[in-house]
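A.B. asks: Listed below, chain by chain, are the residues.
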Amino acid sequence: MLPVAVIAFVGPFVSPHDPTDLLSSPYASPTRAYPLGTDTLGRDVLSQLLCGGLDLLLEAMIATLLGVGLAVILGMLLGTSSSRASGFALRVNDTLLALPQIVLALLVLTRIGPSVAALVLVVAAFHVPQTTRVIRAATLGVAQEDFVQSAEVIGMSRGRILFFEILPNITAPVFVELGIRLAISTVTLASLGYLGFTGAQTDWGRMVYENQGGLTIQPWAVLAPAAAIAVFLIGMNLISDGLARASGARGT
Amino acid sequence: MKRPLTRLLVTRIVFGLGMLWAVSILVFFFTQALPGDVARQILGQNATAEQVARLRLELGLDKTVVEQYATWLWSLLQGDLGMSLASGTSVWDLIRGRVVNSLVLVVITSLITFPLAFYLGTSAARRRGGVTDAIVSGLVLVLLALPGFLIGVLTVVLFATNVFRLLPPTSVIDPARAALLQPSLLVLPVLALVLGCLPYLTQMVRGTMVEALDSEYVTWARLYGVSERRVVWWHALRNVAAPSLQVATSTLVYLVGGIVAVETVFSYPGMGSALVSSVSNRDIPVVQAITMLIAATTLFLYVVADVAGILLTPKVRTSL
Chain A
7 MLPVAVIAFV
17 GPFVSPHDPT
27 DLLSSPYASP
37 TRAYPLGTDT
47 LGRDVLSQLL
57 CGGLDLLLEA
67 MIATLLGVGL
77 AVILGMLLGT
87 SSSRASGFAL
97 RVNDTLLALP
107 QIVLALLVLT
117 RIGPSVAALV
127 LVVAAFHVPQ
137 TTRVIRAATL
147 GVAQEDFVQS
157 AEVIGMSRGR
167 ILFFEILPNI
177 TAPVFVELGI
187 RLAISTVTLA
197 SLGYLGFTGA
207 QTDWGRMVYE
217 NQGGLTIQPW
227 AVLAPAAAIA
237 VFLIGMNLIS
247 DGLARASGAR
257 GT
Chain B
64 MKRPLTRLLV
74 TRIVFGLGML
84 WAVSILVFFF
94 TQALPGDVAR
104 QILGQNATAE
114 QVARLRLELG
124 LDKTVVEQYA
134 TWLWSLLQGD
144 LGMSLASGTS
154 VWDLIRGRVV
164 NSLVLVVITS
174 LITFPLAFYL
184 GTSAARRRGG
194 VTDAIVSGLV
204 LVLLALPGFL
214 IGVLTVVLFA
224 TNVFRLLPPT
234 SVIDPARAAL
244 LQPSLLVLPV
254 LALVLGCLPY
264 LTQMVRGTMV
274 EALDSEYVTW
284 ARLYGVSERR
294 VVWWHALRNV
304 AAPSLQVATS
314 TLVYLVGGIV
324 AVETVFSYPG
334 MGSALVSSVS
344 NRDIPVVQAI
354 TMLIAATTLF
364 LYVVADVAGI
374 LLTPKVRTSL
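Residue numbers (the working numbering), protein chains in the order written: chain A, 7 to 258; chain B, 64 to 383.
Quick caveat, the hints were computed from the structure, so don't treat them as lab data.
For each residue, glycine too, the CB sits at the ideal point set by N, CA and C.
Treat the hints with care, since some could be wrong.
Selected chain B positions facing chain A (in silico; Cβ < 10 Å) [what the hints assert, rightly or not]:
hint	residue
1	Val-86
2	Leu-89
3	Leu-204
4	Leu-207
5	Leu-213
6	Arg-301
7	Asn-302
8	Ala-324
9	Gly-335
10	Ser-343
So that you can see chain A by itself, here it is in the shape it has in the complex:
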């Protein structure tokens, strides 16, 4: 996973060519000048690979931090407030889940068009319901502990209790959630890229789509970005799986 992150973040600075320049004939096989060959329009696949991951990973990270951050606040509030209020809030939360994430994203993008801000917000919003549930459950467990009760007794404000007493004790589920959600954000954004709705000129997902027709002639143009996405996501999954096992926050 780390090599892929390095490619994505350092790649744009060491890319040998402009990823959008039409350099050679379409679907040229790998040569010394173009180590991974060229794509459907004759652009350098290596440069595209180096530049196509930055937006994807950055957007995924921002969306994850936003979504999980909001869910942590909501989950802690719901976990410490009356059961009726939190029951209602959770129901409202669930309405968002009636549409599969990719469909919701497409719906929002219909009018707005490919906009990075809208994309990030939709992906972030989609994390809120489920993550809120997880954090609320974790908060409920901690809220019964003696140190929280005593903090209440000595008159500590609610905000201080949430931030200084509860938050430090639910870091394990928060980190597990961050790992899982980062993987989901990346899946959604890569899929939207594949479908052509991220507006990015160079994008791993889009590279796969554009060069699919030339698979038999120049497979690298598809396999290189596909491998980058796959390695990153599998690595991400292994990490969050390990985190979850270590903290025992999620079942077997």
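With the hints as your guide, set chain B onto chain A.
C.D. replies: Structure of chain B alone, referenced to chain A:
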């Protein structure tokens, strides 16, 4: 027992309909009620003022937002999905065949995925730590990580273009013949979808099965001399069914979302690819119709799973 059951059904159905109504507001808001000149956005900068005015009239944009929503919802309730802006034909005529094609994909995939997930999950749970378990868990971890479109493209690489050339890489279906009658075109999309939804379900079945096999009643059944096969496939599996139902629903919902990307990979003429093209064309009535149809389907699945889950859990069932 009979009356509480009716009441349960009624409350769940009412709740589902309420959610659907909430979704309809969401869909309408994002497609039509967002600030900005809808007609101009659809037609682009090159359209004449006359064309824009005509479209505005056609969409009823001269009325207030609430009136527009009411009119839209009313015709939707009467089964009128409106006219496609891109092709000028009725939306229903446009998507009818595609709905059937997508349904074919979803049904075949479910018929393969569910038994297979139960079989794999149970086999892995029975020989914990064994070879089967290791292989199944490894595959689950890898497949779970990959987006649907990537799995689709990888099946194309493996079976249609680079490694073996057994199957057609795209599903250019002859529209005059039913998709079901052209099986070679269905194999790869179905394979991609099965690989996409199998891991989650398998993992869940394995987890609950491990728990069930460790429980006392299974030990008692074994001591009683019940055959191992019957212990696993009858006693234990019955207790896995209820918790698995929730996961099965999420799997089906994933499947409904998954067809969007997978249909695009194979150019399969279904609802998903229709949604993608109508979103890029800003063909608002088609987007509205398809998203509402998808929302109705997922909500229906949630309600069915909810009720079935209650009926399948003996403790809850008898307390009704």
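A.B. asks: Can the hint on Leu-207/B be confirmed by a CB-to-CB distance to chain A that is less than 10 Å?
C.D. replies: Since the shortest Cβ distance to chain A is 6 Å, the answer is holds.
A.B. asks: Mind checking the CB of Leu-89/B against every CB in chain A and telling me if the closest is under 10 Å?
C.D. replies: holds, 8 Å
A.B. asks: Is the interface hint for Ser-343/B satisfied, with its Cβ closer than 10 Å to some Cβ of chain A?
C.D. replies: Holds: closest Cβ of chain A sits about 7 Å from Ser-343/B, inside 10 Å.
A.B. asks: Regarding the hint that Arg-301/B lies at the interface with chain A, is the smallest CB-CB distance below 10 Å?
C.D. replies: This interface hint is violated because 20 Å lies over the 10 Å limit.
A.B. asks: The hint names Leu-213/B as touching chain A; please verify it with the least Cβ-Cβ distance against 10 Å.
C.D. replies: holds, 6 Å
A.B. asks: Given Val-86/B as an interface hint, is the shortest Cβ-Cβ distance to chain A below 10 Å?
C.D. replies: holds, 5 Å
A.B. asks: Min Cβ distance, Leu-204/B to chain A: is it shorter than 10 Å?
C.D. replies: holds, 6 Å
A.B. asks: With 10 Å as the cut and Cβ atoms as the points, is Gly-335/B at the interface with chain A?
C.D. replies: Where the cut-off is 10 Å and the nearest Cβ of chain A is about 9 Å from Gly-335/B, the hint holds.
A.B. asks: If you take the shortest Cβ to Cβ gap from Asn-302/B to chain A, is it below 10 Å?
C.D. replies: violated, 16 Å
A.B. asks: Should the interface hint for Ala-324/B be scored as holding, given a Cβ-Cβ cut-off of 10 Å against chain A?
C.D. replies: Where the cut-off is 10 Å and the nearest Cβ of chain A is about 5 Å from Ala-324/B, the hint holds.
The structure is inconsistent with the numbered hints 6, 7, although it conforms to all the rest.
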